[in-house]
Every structure is written in C-alpha cells, then in structure tokens.
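Sequence order for the protein chains is A and B. Read left to right, the first sequence gives residues 31 to 288 (this note's numbering). Read left to right, the second sequence gives residues 61 to 486 (this note's numbering).
Check before you lean on any hint, since a few could be wrong.
Claimed, not checked - Facing chain A, a subset of chain B residues (Cβ under 8 Å, in silico):
1) Gly66
2) Arg83
3) Gly181
4) Pro187
5) Glu303
6) Thr313
7) Leu315
8) Met344
These are computed hints drawn from the structure, not numbers from a lab. Ideal placement from N, C-alpha and C gives every residue a C-beta, glycine not left out.
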Amino acid sequence: MSDLVQVQGLRKTFKLSAKQRKLENTKQTLKVAVNDLSLTARKGEIYGLLGPNGAGKTTVLRMLATLIKPDAGEAWVDGYSIISDPEKVRASIGFLTSELKLEEFFSPDYLFDFFSQLHKVPTDVSIRRKAELFARFGIDEFAGVKVANLSSGMKQKASLAISIVHDPDIVIFDEPTNGLDVITARVVTNYLEELRDQGKTIILSTHIFSLVEKLCDRVGIIIEGRMVAEGSLQEITGGEDLEERFFDLYSASVGEVV
Amino acid sequence: MSTQSGLFAIIGKEFRRFFTDRRIVFTTVLLPGLMIYLIYSVMGNALQDMMVIDEEYQPVLYAVNLPDSLAGAFSSIGIDFEQVEPGRIDAIRADITDKKADLLIVFPADFDERVGRQLSGEQGVDPPRIEIFFNSTRTESAYQYQVMRVLLDQYKTALAPLFAVNAGSDSSMDTGGAGAGSSSGAGEEVDDPASGELPSYDLATQEDAAGFMFASLLPMFIMVFLFSGCMSVAPESIAGEKERGTIATMLVTPLARWELALGKIISLACIALLSGLSSFLGVMLSLPKLIGDATDELVGPVLYVLSDYLLILAVILSTVLLFVGVISLLSAVARTIKEATTYITPLMLVVLMISAMGVFAQGAAENYLFYLIPAYNSVQSMVGVFSFSYNPACILITVGANLAYTGICVAVLTWMFGNEKVVFTK
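Work the whole structure out from these sequences, hints included.
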C-alpha cells in the first residue's frame with residue numbers, strides 16, 4: 031500500500047462568535063473552514079499543501095493529527111481511521127507546528143525521554159535515537175539547558191527532534207519554516223529531504239511558493255477550504271511558474287486579487 | 061521503563077516539574093507552614109503578653125471607708141489598700157481612667173453597722189452598697205476588679221450562708237482569666253466553707269475536653285489548608301499548560317486522554333497534600349503559643365489511637381482528590397491561569413461555608429445522607445473522629461462518596477482533554 035495518507039471528503043465548520051462575525055462582516059454563524067476536501071499522499075514523497083492564510087491548511091493537518099474531529103468525511107493514516115482509531119493514528123505520525131510548545135522548564139534531554147515514554151519507545155531504542163538525532167541537529171551542546179533559555183532556532187530543532195522520537199513513517203509539518211532564521215530553515219528543509227530519502231511520507235503546509243518548488247513532489251492547492259488542484263508539481267504548473275498558476279486558480283475560484 | 065504506560069510518565073513529569081523547581085517547592089510547601097507558624101506564634105505571644113500580669117507587679121489600690129472587718133483579711137493575703145478620704149474620689153477616678161491607678165473601692169461609712177443590722181433581721185434597712193471603680197482596658201485593673209468581686213461575694217456568702225454554688229472550686233475564679241491561683245488562698249482567709257482540697261465540678265474528662273477542642277478547631281483548618289494547597293498547584297498545571305500550548309503537544313502522542321486526566325489528578329493531589337500538610341504542621345506547632353500552655357495538659361496524654369489517625373488520613377486523602385478533581389475541571393474550562401483563579405475563588409468561599417456549617421453543627425450527624433455532601437461529609441467525619449464519636453459507616457460513606465466524585469471528575473476531565481473546544485479555545 032503506497033497511499034499512506036488518504037483523505038476523503040473532509041469537512042469542518044466552526045461556529046463564529048458575535049465578535050468574529052463583526053470582524054468578518056458576515057451574518058453567517060458558521061464558517062466552513064474545510065469543504066469536501068480529498069487528498070492522497072504516497073510513501074516516500076513530500077506532499078505540499080499550498081494556500082493563503084486562512085485557507086484551511088492548519089485545520090486539515092489538525093484533523094489528520096486527530097486533534098480535532100471532522101464534521102463529515104474520513105481519512106486514513108497508515109491504514110488507520112482518524113475517527114475510529116485516533117490513538118493508532120497518533121502513534122504513526124510525527125506532528126509539528128509552532129503552536130505545539132515544549133514545556134519551558136525542562137531540558138530537551140528530559141523532554142526527549144518523556145515523549146519517548148508517551149510514544150512507548152523501548153528505552154534502548156530511545157537512547158540510541160536520542161544520540162543520533164541530537165548529534166544530527168547539534169542539540170548535544172544545549173541538551174541540558176532549559177527550553178526557556180534556548181534561542182528560537184534551538185527550540186525549533188529540539189521540537190523537531192522530539193516530534194519524531196518514535197521514528198514515525200508519516201511526518202506532518204505545519205508551516206515548517208515560519209519564523210525561522212535562514213540557517214535553521216535550511217537545516218529543517220534538508221532534514222525533510224533526508225526523511226523522504228529514508229522512505230518517509232511528509233505532508234507540509236505552506237504559503238511559500240519557492241518552498242513547494244524546492245521540496246515537494248506533489249502539491250495540493252487549497253483555497254477557501256476547497257482543494258482546487260492536486261497533482262505533481264509538473265502536472266499543476268504544466269511547466270509554467272507555480273506562482274502564476276496559483277493566481278490563475280485563485281482568480282478562477284475567488285476573483286481577481288485587488 | 062519507557063514501555064510503561066503514559067500514566068506513570070505523566071505522574072513522573074508532574075513530580076519532576078514540581079520537585080526540581082526549588083522556588084515552587086519553597087513557595088508551595090515550605091512557605092505556607094513557616095508563615096503560619098511565625099504569624100500564629102507572634103500573634104499568640106502578643107495575646108499572652110496582653111493577658112499576663114507581671115508577677116512582680118504591685119497594684120495601685122485605693123479604698124474609702126475600708127471597714128476594719130475586711131482590712132485585716134485583705135492585708136493578710138497581700139492586698140494592701142491606700143486608705144483615702146472621700147474628697148479624693150474624683151481625682152482617683154481620673155487616675156484610673158488615665159491608667160495611673162488600678163482600682164478604687166468605696167464603702168459606706170457605716171458598712172459594718174448596717175451589715176450587722178441586716179444580719180439581725182431588722183426591717184427597713186437598705187443593704188449597704190459597695191462601689192468598685194476600675195478600667196477594663198487595663199489588664200491589671202480588670203484583674204483586680206475580678207479578684208475583688210469574688211472576694212466580696214465569698215465574704216457575703218460566708219456571713220449569710222443561705223446556699224453555696226460550687227463553693228471553693230477553682231472554677232469560681234475562672235472569670236479572672238490569667239494569673240489564677242490566688243483565689244484559693246484568698247478564699248480561706250475569708251472563711252471559705254470548703255477550704256482545703258478543691259473539688260472539681262467540671263465532669264468532662266480530659267479526653268473529652270481535648271476532643272472537643274480538636275473537633276472545633278482542626279477540621280476547618282484542615283479543609284482550608286487542603287483547598288488552598290490544591291488551589292496553588294492545579295490551575296498552574298492545567299490552565300497553565302493550556303495557556304502555554306504544551307498540553308496539545310502531549311495530545312498528539314498515543315497517550316490516552318484518561319491517562320493524562322488521572323495522572324494529573326493523582327500527582328497534583330500528592331503535591332497539594334504536601335502543601336496542606338505543611339500548613340497543618342504550622343498550625344499544630346504554633347497552637348500551644350496561640351491558646352496558651354493549657355494545651356500541654358490537654359494534648360499531653362496520647363489521646364488518639366492509630367485507627368483514628370488512619371481514618372483522618374483516609375478522609376483527608378479522599379478530600380484532596382476531590383478538591384483537585386473539581387479545581388482541575390475549572391482549570392480546564394479556563395483559558396488562562398488568571399481565569400482559572402477567578403472561577404476557583406467563589407468555590408473556595410462555598411467550601412469554607414460548608415465546612416463552617418459542618419463544624420458548627422456540633423457533633424457528628426447521624427443521618428447517612430449528610431455524608432454524601434462533599435466537604436460537609438469530610439468535616440463531619442473529622443469532627444466525629446476528633447470527638448471520639450464517629451460511626452465507621454459514615455466515614456466509609458464519606459471516603460466512598462469523595463472517591464466516586466473524583467472518578468466523575470476524572471471522567472469529565474478525560475472527555476474535556478479529548479474535546480477540541482476545550483483544548484483549542486483561544
């Protein structure tokens with residue numbers, strides 16, 4: 031089975047508070063964040079979910095990570111349903127977003143052990159894996175320092191290492207380079223390519239065209255909660271510039287950008 | 061170790077978070093007990109200083125028309141009056157107001173004669189009036205007033221012994237407060253009918269008295285300290301983790317929601333118990349200073365047996381679990397620690413009120429249904445054990461009910477941790 035992540039007709043709505051309605055200048059009490067969205071990510075590829083802010087990328091990824099439940103639709107991650115088997119799904123993914131923080135009081139060293147326990151990684155395996163990952167990201171130097179005292183780049187590296195303590199086959203990464211300095215961003219993108227070469231499946235969300243062009247094997251373009259195009263980079267662009275192609279699709283579904 | 065369930069990982073993390081942070085250990089465990097001990101000790105010492113009269117103190121006493129019949133008796137027990145003319149009454153009264161003098165006693169000029177006529181049954185004679193002026197805000201003055209009243213009452217009774225109430229017992233001087241003890245000597249000199257060995261009229265056993273004291277003091281203290289112990293750890297651990305976004309990081313692991321809920325409640329209960337214990341020790345150690353040396357006599361003998369302590373411990377444990385459970389729920393609803401504290405403060409007042417009702421109810425309730433009311437049941441159970449009048453069934457119901465309520469809290473918290481609206485509300 032090469033389709034490691036299959037998403038079929040996912041739908042998610044949020045209730046809008048009175049304040050939010052006023053902000054968005056709408057009378058609707060429901061906002062459709064994700065609308066009948068389907069996608070497929072295969073083994074050994076980097077799948078990019080491309081869309082503007084507020085398109086519903088994060089909502090899709092959160093549903094895949096079983097942090098929130100879809101109103102309709104279904105998705106299978108490594109063969110497990112996100113609705114009926116959420117714990118198995120969580121065991122097979124590594125999920126990383128800037129919203130999930132590490133407790134500042136602890137050191138990366140302890141947090142790695144703690145999350146290894148939560149993922150039920152055997153101790154000998156976790157010790158070996160910690161040595162590998164900490165060496166790979168240069169965390170060794172600050173492994174014993176409290177997260178609170180780390181720079182944002184160090185924090186991001188520690189978060190990345192800790193999110194994959196259990197060596198998951200699927201890595202879901204929300205806005206992987208957001209807020210990172212160029213050097214850390216480079217470390218992260220290089221590592222994602224390394225993971226792909228190991229045969230892992232990576233799903234990432236981004237609004238940065240160059241990142242998609244550089245990294246992704248296949249792309250899904252998501253606009254206002256809908257998947258408007260999906261395919262390999264070549265299929266989507268037809269050899270054109272990705273940015274131009276995106277704005278063609280955007281004006282077709284929303285209207286011209288003013 | 062790593063293959064153990066997430067429950068132990070959570071408990072381990074909470075303990076590590078707490079016990080390796082010296083500042084938190086200090087502020088939640090050491091500080092409450094220390095502060096209570098210091099404050100109560102200072103308060104107790106100050107109270108005693110106010111009540112106790114220096115043994116060397118020579119009271120300044122004035123008398124007008126002191127009859128010969130009494131003058132000798134007074135001086136023989138060491139009470140010496142300066143005898144003054146009636147003309148100085150106003151000046152001395154002013155001195156008493158200014159706390160320069162302690163007491164002025166004014167007898168009618170013909171006191172002895174009129175008393176004699178009263179005793180012989182002569183009709184139409186007004187009983188002679190004695191006036192005693194003192195200053196109630198001056199401890200020495202108030203004390204002399206009490207002594208004088210008791211002595212004169214005893215003198216009156218001795219002259220016309222129609223009947224006597226608890227004559228000669230040391231409780232007749234209880235009104236005197238501090239410095240008791242001189243009354244028995246004084247009583248004998250004024251012809252005490254029951255001189256010699258003092259009988260005790262208070263039939264309460266020492267055990268009962270101590271039990272009563274503990275039952276009326278401790279349960280309320282314990283409830284307050286347990287609650288504030290829970291309040292100092294649970295919001296930080298649950299609302300705080302929510303606020304900082306660290307709880308979601310745990311929720312994307314295969315960790316079961318119930319493991320997170322139960323792990324949090326167990327570890328927080330342990331820490332809260334420590335904090336409560338510290339406060340409790342503070343109170344127990346400062347109690348002698350607070351209510352005087354009498355406690356030594358009361359607490360001296362070993363009053364409670366091991367089973368009593370175990371019952372109290374069971375009640376306390378189940379109460380802490382329940383408190384942590386409820387506070388955790390409120391903390392999970394709240395978006396920030398601050399918001400959580402806002403929700404919990406009214407709850408604290410309710411718990412205080414219910415606890416007070418439990419203490420003032422006097423004695424343990426008989427009706428089993430009372431033991432289903434949270435907080436009230438704990439107080440009543442503790443009152444029962446402390447006053448040696450508990451019903452084991454009631455304590456069993458209390459502990460069972462508290463554990464059942466805690467179970468409900470764990471279930472609700474589990475559901476809440478799985479609910480996106482709770483975890484991701486911004």
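Against the structure, the hints come out as follows:
Checking Gly66(B) against chain A: minimum C-beta separation of about 5 Å stays under 8 Å; hint holds. Given the 8 Å rule on beta carbons, the hint for Arg83(B) is violated: about 11 Å separates it from the nearest Cβ of chain A. Interface restraint check for Gly181(B): the shortest CB-CB distance to chain A comes to about 90 Å, outside 8 Å, so the restraint is violated. Taking 8 Å as the C-beta cut-off, the interface hint given for Pro187(B) is violated, the closest approach to chain A being about 81 Å.
The criterion of a C-beta within 8 Å of any C-beta in chain A is not met by Glu303(B), whose closest approach is roughly 10 Å, and the hint is violated. Against a cut-off of 8 Å between C-beta atoms, the interface hint on Thr313(B) holds, since the closest Cβ of chain A lies about 4 Å away. Below 8 Å, beta-carbon pairs count as interface contacts, and Leu315(B) has one with chain A at about 5 Å; its hint therefore holds. For Met344(B), the shortest C-beta to C-beta distance to chain A is roughly 33 Å, which exceeds 8 Å, and the interface hint is violated.
When the structure is compared with the earlier hints, violations turn up for hints 2, 3, 4, 5 and 8 and for no others.
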